[in-house]
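Novice: Here are the chains, one letter per residue:
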Amino acid sequence: MRADLEIIQKWIKPGSRVLDLGCGDGSLLAYLRDNKQTIGIGLEIDNQKIDACLDKGIDVIQQDMNKGLDNFESHSFDTVLLTQTLQAMHYPDLLVEEMLRIGKNCIVTFPNFGNWKSRAYIAFKGRMPVSDFMPYQWYDTPNIHFCTVRDFDDFCRDKNIDVITRTVVDNKHRDSAIIRAFPNLLSEIAIYHFARGQQGGQ
Amino acid sequence: MPEFLPVDSVGIVSPQRFHFDEPLPLRSGKVIKSYDLMVETYGELNADKSNAILICPALSGDHHAAGYHSMADKKPGWWDVCIGPGKPIDTNHFFVVSLNNLGGCAGSTGPGSINPDTGTWYGPEFPVVTVRDWVNSQARLADRLGVQQWAAVIGGSLGGMQVMRWSISYPERVRHAIMLAVAPKLSAQNIAFNEVARQSITGDPDFHAGRYRDYGTIPKKGLMLARMVGHITYLSDSAMREKFGKATQEIKEASLNLGRDLRAGKLSFGFDVDFQVESYLHYQGERFSETFDANSYLLMTKALDYFDPSVDYDGDLSKAFAKSDCRFLLVSYSTDWRFPPERTQEIVTALLKAGKQVSYLDIEADEGHDAFLLPVPRYMQAMTTYLNRVKQEVAC
Numbered sequence: 131m132r133a134d135l136e137i138i139q140k141w142i143k144p145g146s147r148v149l150d151l152g153c154g155d156g157s158l159l160a161y162l163r164d165n166k167q168t169i170g171i172g173l174e175i176d177n178q179k180i181d182a183c184l185d186k187g188i189d190v191i192q193q194d195m196n197k198g199l200d201n202f203e204s205h206s207f208d209t210v211l212l213t214q215t216l217q218a219m220h221y222p223d224l225l226v227e228e229m230l231r232i233g234k235n236c237i238v239t240f241p242n243f244g245n246w247k248s249r250a251y252i253a254f255k256g257r258m259p260v261s262d263f264m265p266y267q268w269y270d271t272p273n274i275h276f277c278t279v280r281d282f283d284d285f286c287r288d289k290n291i292d293v294i295t296r297t298v299v300d301n302k303h304r305d306s307a308i309i310r311a312f313p314n315l316l317s318e319i320a321i322y323h324f325a326r327g328q329q330g331g332q
Numbered sequence: 009m010p011e012f013l014p015v016d017s018v019g020i021v022s023p024q025r026f027h028f029d030e031p032l033p034l035r036s037g038k039v040i041k042s043y044d045l046m047v048e049t050y051g052e053l054n055a056d057k058s059n060a061i062l063i064c065p066a067l068s069g070d071h072h073a074a075g076y077h078s079m080a081d082k083k084p085g086w087w088d089v090c091i092g093p094g095k096p097i098d099t100n101h102f103f104v105v106s107l108n109n110l111g112g113c114a115g116s117t118g119p120g121s122i123n124p125d126t127g128t129w130y131g132p133e134f135p136v137v138t139v140r141d142w143v144n145s146q147a148r149l150a151d152r153l154g155v156q157q158w159a160a161v162i163g164g165s166l167g168g169m170q171v172m173r174w175s176i177s178y179p180e181r182v183r184h185a186i187m188l189a190v191a192p193k194l195s196a197q198n199i200a201f202n203e204v205a206r207q208s209i210t211g212d213p214d215f216h217a218g219r220y221r222d223y224g225t226i227p228k229k230g231l232m233l234a235r236m237v238g239h240i241t242y243l244s245d246s247a248m249r250e251k252f253g254k255a256t257q258e259i260k261e262a263s264l265n266l267g268r269d270l271r272a273g274k275l276s277f278g279f280d281v282d283f284q285v286e287s288y289l290h291y292q293g294e295r296f297s298e299t300f301d302a303n304s305y306l307l308m309t310k311a312l313d314y315f316d317p318s319v320d321y322d323g324d325l326s327k328a329f330a331k332s333d334c335r336f337l338l339v340s341y342s343t344d345w346r347f348p349p350e351r352t353q354e355i356v357t358a359l360l361k362a363g364k365q366v367s368y369l370d371i372e373a374d375e376g377h378d379a380f381l382l383p384v385p386r387y388m389q390a391m392t393t394y395l396n397r398v399k400q401e402v403a404c
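Chain order of the listed sequences is R and D. Each residue of the first sequence is one higher than the one before, counting from 131 in my numbering. Each residue of the second sequence is one higher than the one before, counting from 9 in my numbering.
Just so you know, these hints were derived from the structure itself, not from any lab. Note that this is a predicted model, so its numbers are computed, not measured. Hints may be right or wrong, so weigh each one.
So the derived list for chain D, only partly shown, Cβ under 8 Å to chain R, looks like this [as the list claims (entries may be wrong)]:
1. E350
2. Q353
3. L360
4. Q365
5. L382
6. V384
7. R386
8. Q389
9. A390
10. T393
11. Y394
12. R397
Restricting the straight-line Cα-Cα distance to at most 20 Å, the calculated cross-link-like pairs of lysine to aspartate or glutamate (EDC-like) are [said to hold, decoys possible]:
13. D:K361 - R:D200
14. D:K41 - D:D151
15. D:K361 - R:D194
16. D:K331 - R:E203
17. R:K197 - D:E372
18. D:K399 - R:D185
19. R:K247 - R:E228
20. D:K327 - D:E180
21. R:K302 - R:D200
22. D:K83 - D:E298
23. R:K197 - D:E354
24. D:K361 - R:E228
25. D:K361 - R:E136
26. D:K254 - D:E298
27. D:K251 - D:D374
28. R:K186 - D:E401
29. D:K327 - R:D300
30. D:K254 - D:D282
31. D:K361 - R:D208
32. D:K38 - D:E286
33. D:K361 - D:D316
34. D:K57 - D:D151
35. R:K166 - R:E203
36. R:K179 - D:E372
37. D:K41 - D:E133
38. D:K83 - D:E133
39. D:K228 - D:E286
40. D:K361 - D:D322
Note that CB positions come from ideal geometry on N, CA and C, so glycine has one too.
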């Protein structure tokens, strides 16, 4: 299974209701259904990915998150997930607020732009970073709102968001003491589990 | 006329008549003492009777949903693109049931039938039937067929409303509810179009207050007008441009002609048909007026107007779904302006609010409301994928 899913699944309570924003082919929801007996719904806009969800028996709503999540009731899910999509959103701050409204707790993963490779790429090449992990040019990238671990920490503090767990890993989702020691410099992917007030009912 | 039957056709089919003696109480308070339903079935019911799918017909749909009645038929049933061996509703695996609803005019008890109380044909005396009444009669049909729970109940437009009613009235009898091009209730604009249709029928001098048969006539002109206005709402602007703009495509002109193809190649400077679209509407209206009954048309439009399952729940549709136990699939089509995607999304939102399991697809399609009847590839693919899962669940 995907390494980030391995980390995320530990934070999902068995039998809980899970909303996966940008659920892709539904593999995370299928894994959670099969191993944690969750009741899940995914949001996706891509036709092929939606078909892959239906094929797995995963419920999926064809909906563009950039147009809002008004159709979801407050506190209607236990956990709201957003994996590797935050940086592609038009209004990441509003989306996180909506996630906090809909879910008791939330999980967000994003590529850490503060990683030394990104810094070095700009410092030495003077160009926007292009890598196997983020293979886009500046003009065609869907990733329009990059942030760093430090930025997101500040964001959570400013918005009164309680970070329950922060995990930082390399691009193979491997955890290590050295990455934990210098998260903003060494981690490539950041995984945040957060809530507002009462620690997500944990 | 098919020279030979396509391999993915259910083939030659014959309708069956089911008679019911138990009186059917209607939402209006009236009662139909006994009635017939015309039914077609395709495929085989499995041993544990778990593979049955009910097809709920739309306004003009009847029991003949797939296959041919004879080799002389020009066209197959109305949803042949979706029903057959290897098609999305796969008759190699599912037992498919399709019917003509009460009040219709294809053999089930309706305004053209004999009223046992008077010994003469019902005509305008046939009681107004609602979606709820239809679903109650369909539940009795399920009893008769020995189907305790449908693997899926499927329908588009007015058919989708019946699917919704099934999920509310008979939660334990539906595994999957599939609704296509549907709205939770009609808008004022929808009702307005229906009223124009009704006025054109009742205003036809040949209507004779619904007793036209006694005068040896039918309100042909009125029915034709009703169908014409209906047909405009079933097509989209883009579908019309495509359908009636062929001349432009052929000569590959840079600019679109907006579907303004001329019928005779030039303007007549009179008030006869000039454009292809007019000729098409005339043809559709005329053909419909020869096959459909005017009183039935009035009843169908009223069933549409009255449909609103939230009325019993303080106007809150999500409460109506509280007991629903099935999984839902809803599909809307981008150019449908009769029931636009936003109308279908109202149902999705209510289902989410009720905490139900629901999938929703917003299909890009140029064909307007009619798209649900047509083989739009993306839509056919999604139906196939979804029903494959249903197939696995009921192991058929």
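Novice: Now tell me, hint by hint, if it's right for this structure.
Specialist: Here is how each hint holds up against the structure:
1. Taking 8 Å as the C-beta cut-off, the interface hint given for D:E350 is violated, the closest approach to chain R being about 11 Å.
2. For D:Q353, the shortest C-beta to C-beta distance to chain R is roughly 7 Å, which falls under 8 Å, so the interface hint holds.
3. The interface hint given for D:L360 is met, as the beta carbon of that residue sits about 6 Å from the closest beta carbon of chain R, less than 8 Å.
4. Annotation: D:Q365 was flagged as interfacial toward chain R, and the flag holds, the nearest CB pair being 5 Å apart, inside 8 Å.
5. For D:L382, the suggested interface contact is broken, since its CB lies about 17 Å from the closest CB of chain R, more than 8 Å.
6. Look at D:V384: its Cβ only gets to about 12 Å from chain R, farther than 8 Å, so that hint breaks.
7. Residue-level restraint check for D:R386 holds (minimum Cβ-Cβ distance to chain R is 6 Å; threshold 8 Å).
8. For D:Q389, the shortest C-beta to C-beta distance to chain R is roughly 6 Å, which falls under 8 Å, so the interface hint holds.
9. For D:A390, the suggested interface contact is upheld, since its CB lies about 6 Å from the closest CB of chain R, less than 8 Å.
10. Interface hint at D:T393: satisfied, since its Cβ lies 5 Å from the closest Cβ of chain R, which is below the 8 Å cut-off.
11. For D:Y394, the interface hint holds, since its Cβ comes within 8 Å of a Cβ in chain R; the closest pair sits about 5 Å apart.
12. Evaluation of the D:R397 hint against chain R yields a held restraint, the C-beta minimum of about 5 Å falling below 8 Å.
13. Pair hint D:K361 plus R:D200 holds up; C-alpha atoms about 11 Å apart against a cutoff of 20 Å.
14. For the suggested pair D:K41 and D:D151, the alpha carbons sit about 18 Å apart, so the restraint of at most 20 Å is met.
15. A threshold of 20 Å between alpha carbons decides the hint, and for D:K361 with R:D194 the separation of about 19 Å falls inside it, so the pair holds.
16. Simply put, D:K331 and R:E203 have alpha-carbon atoms about 19 Å apart, close enough for the 20 Å limit, and the pair holds.
17. This hinted pair checks out: R:K197 and D:E372 have alpha carbons roughly 18 Å apart, not beyond 20 Å.
18. Our distance criterion of 20 Å between C-alpha atoms is met by D:K399 and R:D185, whose separation comes to about 12 Å.
19. The hinted pair formed by R:K247 and R:E228 fails the criterion: a straight-line CA distance of about 32 Å is larger than 20 Å.
20. A C-alpha spacing of about 17 Å is found between D:K327 and D:E180, which places the hinted pair at or below 20 Å, so the restraint holds.
21. At roughly 35 Å between alpha-carbon atoms, R:K302 and R:D200 are farther apart than 20 Å, so this suggested pair is violated.
22. Under the criterion of a C-alpha separation no larger than 20 Å, the hint pairing D:K83 with D:E298 is consistent with the structure, at around 16 Å.
23. At most 20 Å may separate the alpha-carbon atoms for a hinted pair to count; R:K197 and D:E354 meet this at roughly 16 Å.
24. Taking the CA atoms of D:K361 and R:E228, the gap is about 16 Å. The hint holds against a cut of 20 Å.
25. Of the supplied pair hints, the one linking D:K361 and R:E136 is violated, its CA atoms being roughly 30 Å apart against a limit of 20 Å.
26. Pair hint D:K254 plus D:E298 does not hold up; C-alpha atoms about 28 Å apart against a cutoff of 20 Å.
27. Taking the CA atoms of D:K251 and D:D374, the gap is about 11 Å. The hint holds against a cut of 20 Å.
28. Simply put, R:K186 and D:E401 have alpha-carbon atoms about 12 Å apart, close enough for the 20 Å limit, and the pair holds.
29. Among the hinted pairs, D:K327 with R:D300 is inconsistent with the structure: their alpha-carbon atoms are about 47 Å apart, more than 20 Å.
30. Restraint check: the Cα-Cα separation between D:K254 and D:D282 comes to about 15 Å, which is no more than 20 Å; the hinted pair holds.
31. Pair hint D:K361 plus R:D208 holds up; C-alpha atoms about 14 Å apart against a cutoff of 20 Å.
32. A hinted pair counts as satisfied when its Cα atoms are at most 20 Å apart, and D:K38 with D:E286 does not qualify at roughly 42 Å.
33. About 18 Å separates the Cα atoms of D:K361 and D:D316, which keeps this hinted pair within 20 Å; it holds.
34. Between D:K57 and D:D151 the alpha-carbon distance is near 11 Å, which keeps this suggested pair within the 20 Å criterion.
35. Our distance criterion of 20 Å between C-alpha atoms is broken by R:K166 and R:E203, whose separation comes to about 23 Å.
36. Annotation: proposed proximity of R:K179 to D:E372 holds, straight-line Cα distance about 16 Å (limit 20 Å).
37. About 14 Å separates the Cα atoms of D:K41 and D:E133, which keeps this hinted pair within 20 Å; it holds.
38. Pair hint D:K83 plus D:E133 does not hold up; C-alpha atoms about 33 Å apart against a cutoff of 20 Å.
39. Between D:K228 and D:E286 the CA atoms are separated by roughly 17 Å; this keeps the pair inside 20 Å, and the hint holds.
40. Simply put, D:K361 and D:D322 have alpha-carbon atoms about 15 Å apart, close enough for the 20 Å limit, and the pair holds.
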